Amino acid sequence: MDRVEALRQLRETPWTAPDGSEKYTVGYFEPTAAAGIARLSYTVYGEGYPVDTYYIPERLIEENERGNIRSVVARTASSDVVAHGALYRSSPPNPNLYEYGLAMTLPSFRASMVFARVTQAAMKLVGTDNIDGIFSEGVCNHIITQKFSALLKGVETALEPALMPADAYTTEQSSEGRVACVISFRVVRDQRRVIFLPRPYLAELEFMMSGLALDRELRVSQDALPALPEASSVIDVRRFASAGVARCTLTTPGDDLATRLLELESELAQQDYALIQVFVNLGQASSGAVVDALRGQGYSLGGFLPTWFGEDGLLLQKHLVSPDFEGIKLYSDRAKALLEIVRCDWLRAQNNG
Amino acid sequence: MSVTIAALKELMLATGLDAELVRQLDPARPLIQQGVDSVDYPGFILAFEEAYGVAVSDADSLRLKTLDDFMNFVAARA
Numbered sequence: 001m002d003r004v005e006a007l008r009q010l011r012e013t014p015w016t017a018p019d020g021s022e023k024y025t026v027g028y029f030e031p032t033a034a035a036g037i038a039r040l041s042y043t044v045y046g047e048g049y050p051v052d053t054y055y056i057p058e059r060l061i062e063e064n065e066r067g068n069i070r071s072v073v074a075r076t077a078s079s080d081v082v083a084h085g086a087l088y089r090s091s092p093p094n095p096n097l098y099e100y101g102l103a104m105t106l107p108s109f110r111a112s113m114v115f116a117r118v119t120q121a122a123m124k125l126v127g128t129d130n131i132d133g134i135f136s137e138g139v140c141n142h143i144i145t146q147k148f149s150a151l152l153k154g155v156e157t158a159l160e161p162a163l164m165p166a167d168a169y170t171t172e173q174s175s176e177g178r179v180a181c182v183i184s185f186r187v188v189r190d191q192r193r194v195i196f197l198p199r200p201y202l203a204e205l206e207f208m209m210s211g212l213a214l215d216r217e218l219r220v221s222q223d224a225l226p227a228l229p230e231a232s233s234v235i236d237v238r239r240f241a242s243a244g245v246a247r248c249t250l251t252t253p254g255d256d257l258a259t260r261l262l263e264l265e266s267e268l269a270q271q272d273y274a275l276i277q278v279f280v281n282l283g284q285a286s287s288g289a290v291v292d293a294l295r296g297q298g299y300s301l302g303g304f305l306p307t308w309f310g311e312d313g314l315l316l317q318k319h320l321v322s323p324d325f326e327g328i329k330l331y332s333d334r335a336k337a338l339l340e341i342v343r344c345d346w347l348r349a350q351n352n353g
Numbered sequence: 001m002s003v004t005i006a007a008l009k010e011l012m013l014a015t016g017l018d019a020e021l022v023r024q025l026d027p028a029r030p031l032i033q034q035g036v037d038s039v040d041y042p043g044f045i046l047a048f049e050e051a052y053g054v055a056v057s058d059a060d061s062l063r064l065k066t067l068d069d070f071m072n073f074v075a076a077r078a
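These protein sequence lines map, in sequence, to chains P and W.
If you number the first sequence the way the working numbering does, the last residue is 353 and the count never jumps.
If you number the second sequence the way the working numbering does, the last residue is 78 and the count never jumps.
Worth flagging that the hints you see were computed from the coordinates, not collected in a lab.
One should not assume that every hint holds.
[To be verified] Below, in silico cross-link-like pairs of lysine-lysine (DSSO-like), each with a Cα-Cα straight-line distance of 30 Å or less:
hint : chain 1 : residue 1 : chain 2 : residue 2
1    : W       : Lys9      : P       : Lys153
2    : P       : Lys124    : W       : Lys9
3    : W       : Lys9      : P       : Lys329
4    : P       : Lys124    : P       : Lys23
5    : W       : Lys65     : P       : Lys23
6    : W       : Lys65     : W       : Lys9
7    : P       : Lys329    : W       : Lys65
8    : W       : Lys65     : P       : Lys153
9    : P       : Lys329    : P       : Lys153
10   : P       : Lys23     : P       : Lys153
11   : P       : Lys153    : P       : Lys124
12   : W       : Lys9      : P       : Lys336
13   : W       : Lys65     : P       : Lys124
14   : P       : Lys153    : P       : Lys336
These numbers were taken from a predicted model, which means no experiment stands behind them.
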């Protein structure tokens, strides 16, 4: 079944939503819940949710079986799914680092504890199976999502000041321009690692790593970019054209990095991209040289991403559209301190440009 | 197990509520009227359950409106 057929079935199948008075039970995914999740997605998002999987029961079953999604659902006695949350694999190369999200609650149940119960059950999965850590991205056009993030017991370590176009949030009627996100992490299973800190960000990383209780041997990165035989850096670029965002993972940095970045930026700018994000592996001894190359081309700091690669990551970003720092709404003092760090480095990048 | 208003306020701080808001809470007044909103509340309930080893049903959560209510809830189960 494809998206069109799934939406047609959902549109044409009569369904009466529970009125909120029914008792519910919270549990982990079972194939019998898949149709209910699709129905909930359709009820909450209409036909506009960008990911097909959540409308197509068969795909939900496949992805849960593969461990790419770990759904948690609240169901009534009549098997209606009234709330859903999920741990799922998204951008990180580390398959054991999951994102928490896909939070949906039927409107008639939003006054209940149901979503908190779903989140509570999802958090019990963290540290089991192959789920070593989680992260969440809380939007900053309001603070509600950030408050919910507190249920995850995460620590804010990065901020993306202009991640999503505001029209992605039109139903919330609360944003103009582009919307910022603050990223929180919780790492439960980990091991001692050596990481190489770029000299320009020693103090910033000390702050970002505080509160995470990671066992790390810290070294200042001093290696130059490796001279590759064919002088070819490997950059894995994931394009989110509708959002105007390109996420670039530097798999193999080489001494042609600066040239490759310029070519990439030129191409993306022509296609009206607004944001280029680069994920730098701090487990590589040349991370400092990578950061120097990025800073030299107007990139600025986004934050620290523990275990992103298995090794820790560092987010740098270049905004082709200026962020609206004044419009960013943050809940915690730590997030506000992060914003100042990110803003200062963005200003540095602007002044150097 | 006994519980005090001070301990409940400590728990609120641990869930990330604003320190000044928590300091000014009147134990006899509904939390929702004092700035603890519908997003803060579920987080506090989960922390409350964990701290005191009690289960709060959806029906209970609608009845627990003040810090005094929470204190009495634990006392009634002691």
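Here is how each hint holds up against the structure:
no., hint, result
1, W/Lys9 x P/Lys153, "holds (18 Å)"
2, P/Lys124 x W/Lys9, "holds (26 Å)"
3, W/Lys9 x P/Lys329, "holds (25 Å)"
4, P/Lys124 x P/Lys23, "holds (22 Å)"
5, W/Lys65 x P/Lys23, "holds (21 Å)"
6, W/Lys65 x W/Lys9, "holds (14 Å)"
7, P/Lys329 x W/Lys65, "holds (28 Å)"
8, W/Lys65 x P/Lys153, "holds (24 Å)"
9, P/Lys329 x P/Lys153, "holds (20 Å)"
10, P/Lys23 x P/Lys153, "holds (27 Å)"
11, P/Lys153 x P/Lys124, "holds (12 Å)"
12, W/Lys9 x P/Lys336, "holds (24 Å)"
13, W/Lys65 x P/Lys124, "holds (28 Å)"
14, P/Lys153 x P/Lys336, "holds (18 Å)"
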